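K.L.:
Model the full structure from these sequences, guided by the hints.
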Amino acid sequence: MKTKNYSIFHRNKDRKQPWVFRFRETVNDNGTLRTIHRKRILCPATVKPEEAKKLAELEAAKVAQSRPSTPEKIVNLGEYVSRVYLPFAESSLRFWTVKSYRVMWQKHFAPRQHITRKLLCDVRTSDVYAWLQEIVSVDKTENGGVLGSATVKRLKSLLSGIFTHAVNLGYLPGANPVVGAMLPAAAAPRETVAYSLEEIREMIAAVDDPTARVMIAVAAFTGLSRSEIRGLTWEAWQGDELHVLRSIVAGKIQDTKTRARKAPVPLLPSLAQVLAQHRARDGNPTTGPMFRTFSGSALDPNNVLRDKMQPAFKRVGITFWEGWHGLRRGLASNLHRLGVQDMVIQRILRHSNVSVTQACYIKTANQDSVRALASLDAVLCPTCALESAKPHTLQLQ
Numbered sequence: 001m002k003t004k005n006y007s008i009f010h011r012n013k014d015r016k017q018p019w020v021f022r023f024r025e026t027v028n029d030n031g032t033l034r035t036i037h038r039k040r041i042l043c044p045a046t047v048k049p050e051e052a053k054k055l056a057e058l059e060a061a062k063v064a065q066s067r068p069s070t071p072e073k074i075v076n077l078g079e080y081v082s083r084v085y086l087p088f089a090e091s092s093l094r095f096w097t098v099k100s101y102r103v104m105w106q107k108h109f110a111p112r113q114h115i116t117r118k119l120l121c122d123v124r125t126s127d128v129y130a131w132l133q134e135i136v137s138v139d140k141t142e143n144g145g146v147l148g149s150a151t152v153k154r155l156k157s158l159l160s161g162i163f164t165h166a167v168n169l170g171y172l173p174g175a176n177p178v179v180g181a182m183l184p185a186a187a188a189p190r191e192t193v194a195y196s197l198e199e200i201r202e203m204i205a206a207v208d209d210p211t212a213r214v215m216i217a218v219a220a221f222t223g224l225s226r227s228e229i230r231g232l233t234w235e236a237w238q239g240d241e242l243h244v245l246r247s248i249v250a251g252k253i254q255d256t257k258t259r260a261r262k263a264p265v266p267l268l269p270s271l272a273q274v275l276a277q278h279r280a281r282d283g284n285p286t287t288g289p290m291f292r293t294f295s296g297s298a299l300d301p302n303n304v305l306r307d308k309m310q311p312a313f314k315r316v317g318i319t320f321w322e323g324w325h326g327l328r329r330g331l332a333s334n335l336h337r338l339g340v341q342d343m344v345i346q347r348i349l350r351h352s353n354v355s356v357t358q359a360c361y362i363k364t365a366n367q368d369s370v371r372a373l374a375s376l377d378a379v380l381c382p383t384c385a386l387e388s389a390k391p392h393t394l395q396l397q
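For the sequence shown, position 110 matches number 110 in the working numbering, and the numbering has no gaps at all.
Because the hints were derived from the structure by calculation, they are not lab data.
Treat the numbers as computed from the prediction; the structure is a model and nothing was measured.
Even glycine gets a Cβ: it sits at the ideal position worked out from N, Cα and C.
Hints may be right or wrong, so weigh each one.
What the hints assert, rightly or not - Below, a list of computed lysine-lysine pairs in the BS3-like style, where the Cα atoms sit at most 30 Å apart:
1. LYS118 / LYS53
2. LYS99 / LYS73
3. LYS118 / LYS107
4. LYS153 / LYS262
5. LYS107 / LYS53
6. LYS39 / LYS16
7. LYS13 / LYS62
8. LYS156 / LYS118
9. LYS107 / LYS156
10. LYS140 / LYS107
11. LYS73 / LYS13
12. LYS257 / LYS156
13. LYS54 / LYS73
14. LYS153 / LYS140
15. LYS153 / LYS252
16. LYS262 / LYS252
Unchecked claim - Label-pair distances were calculated between CB atoms; the ranges are:
17. SER91 / PRO264: 27 to 35 Å
18. ARG24 / GLY174: 35 to 43 Å
19. SER149 / GLU50: 48 to 56 Å
20. GLU57 / ARG83: 33 to 41 Å
21. TRP234 / SER69: 13 to 21 Å
22. ARG15 / THR70: 20 to 28 Å
P.N.:
Here is the structure:
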């Protein structure tokens with residue numbers, strides 16, 4: 001920043017108020033460059049003019065270091081997100097990720113002008129933490145509840161992506177200010193659901209529609225996600241494996257979520273028979289969608305859920321349905337109950353890291369805990385009997 005672009009003065013004529021640092025800078029205002037005047041408190045009024053001038057020079061240098069190389073990149077956060085980041089996200093990220101980012105931005109950040117109008121290059125870690133604290137204390141869920149910790153993590157993830165992109169494009173000369181921001185306390189996340197083998201059997205038995213029954217079985221015994229099931233083709237069935245070649249999200253064909261998800265999925269012999277019967281009912285096709293509509297397009301599992309599954313569940317009194325992903329978690333949990341190693345479960349679900357499988361997918365049922373304690377009891381009881389036979393047994397007071 002050049003010396004002529006700044007000045008210092010007292011806040012009042014009596015010189016009893018602090019010194020003020022005032023400067024001019026050119027910013028990008030929605031695509032138009034314009035010069036604006038800014039000011040900020042510099043130091044107490046007791047500081048001598050010579051010292052105040054030195055402090056002003058240091059402040060001018062700090063401002064210059066925090067600015068991008070060109071004025072075109074000095075923009076406020078709201079403009080950057082709408083004109084730069086979200087278009088980038090739409091071209092680079094998956095559909096549901098971008099959609100959730102747009103919803104979060106519009107709901108939690110866009111209405112707050114003190115956030116959107118702040119210059120992107122002026123944002124500090126303390127600002128990010130204050131924003132998150134404000135959102136947690138003020139905003140509510142659709143049901144009027146307190147925001148959960150998972151939502152707050154996603155909000156921070158959105159901000160982190162925005163500022164990482166800004167650093168890479170030169171809009172932010174320094175480090176990403178979101179990285180060091182702590183997460184404010186929020187409501188504990190709701191426990192996710194994993195269907196047991198008994199519940200899966202009950203669901204399949206309740207549904208009359210054959211296509212719906214096959215979809216449930218595929219989700220429950222392969223661990224494929226809803227978008228992967230919609231994207232299945234007959235070409236994906238190769239011997240005793242299903243090769244996940246694509247997914248379909250909101251009607252759009254996409255690549256798999258991660259590279260690891262391209263790994264083939266083992267196909268149980270009984271499930272292979274179910275798929276063979278399904279293909280025979282459909283006229284024995286060898287190509288095209290494995291689950292298709294009358295027009296030949298890929299069938300959306302959510303439409304099957306609405307038209308076939310939910311009416312059947314309501315008819316027989318099934319109330320534990322919590323979404324398709326519960327079948328994927330159920331596969332992990334049921335394999336764990338059967339003694340399968342976590343690393344093997346990870347490969348079946350095609351997670352890139354076993355910690356994801358362990359933390360988010362394997363759910364321990366109550367009966368598993370009872371059986372585990374019963375096993376411990378079988379060891380403990382004989383030990384207690386031996387201890388009670390000793391003459392000098394220690395007793396708890």
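K.L.:
With reference to the structure, classify each hint as holding or not holding.
P.N.:
Evaluated hints:
no.	hint	result
1	LYS118 / LYS53	holds (27 Å)
2	LYS99 / LYS73	holds (26 Å)
3	LYS118 / LYS107	holds (18 Å)
4	LYS153 / LYS262	holds (27 Å)
5	LYS107 / LYS53	violated (44 Å)
6	LYS39 / LYS16	holds (18 Å)
7	LYS13 / LYS62	holds (28 Å)
8	LYS156 / LYS118	holds (17 Å)
9	LYS107 / LYS156	holds (14 Å)
10	LYS140 / LYS107	holds (10 Å)
11	LYS73 / LYS13	violated (37 Å)
12	LYS257 / LYS156	holds (21 Å)
13	LYS54 / LYS73	holds (28 Å)
14	LYS153 / LYS140	holds (15 Å)
15	LYS153 / LYS252	holds (27 Å)
16	LYS262 / LYS252	holds (18 Å)
17	SER91 / PRO264: 27 to 35 Å	holds (30 Å)
18	ARG24 / GLY174: 35 to 43 Å	violated (22 Å)
19	SER149 / GLU50: 48 to 56 Å	holds (52 Å)
20	GLU57 / ARG83: 33 to 41 Å	holds (34 Å)
21	TRP234 / SER69: 13 to 21 Å	violated (55 Å)
22	ARG15 / THR70: 20 to 28 Å	violated (38 Å)
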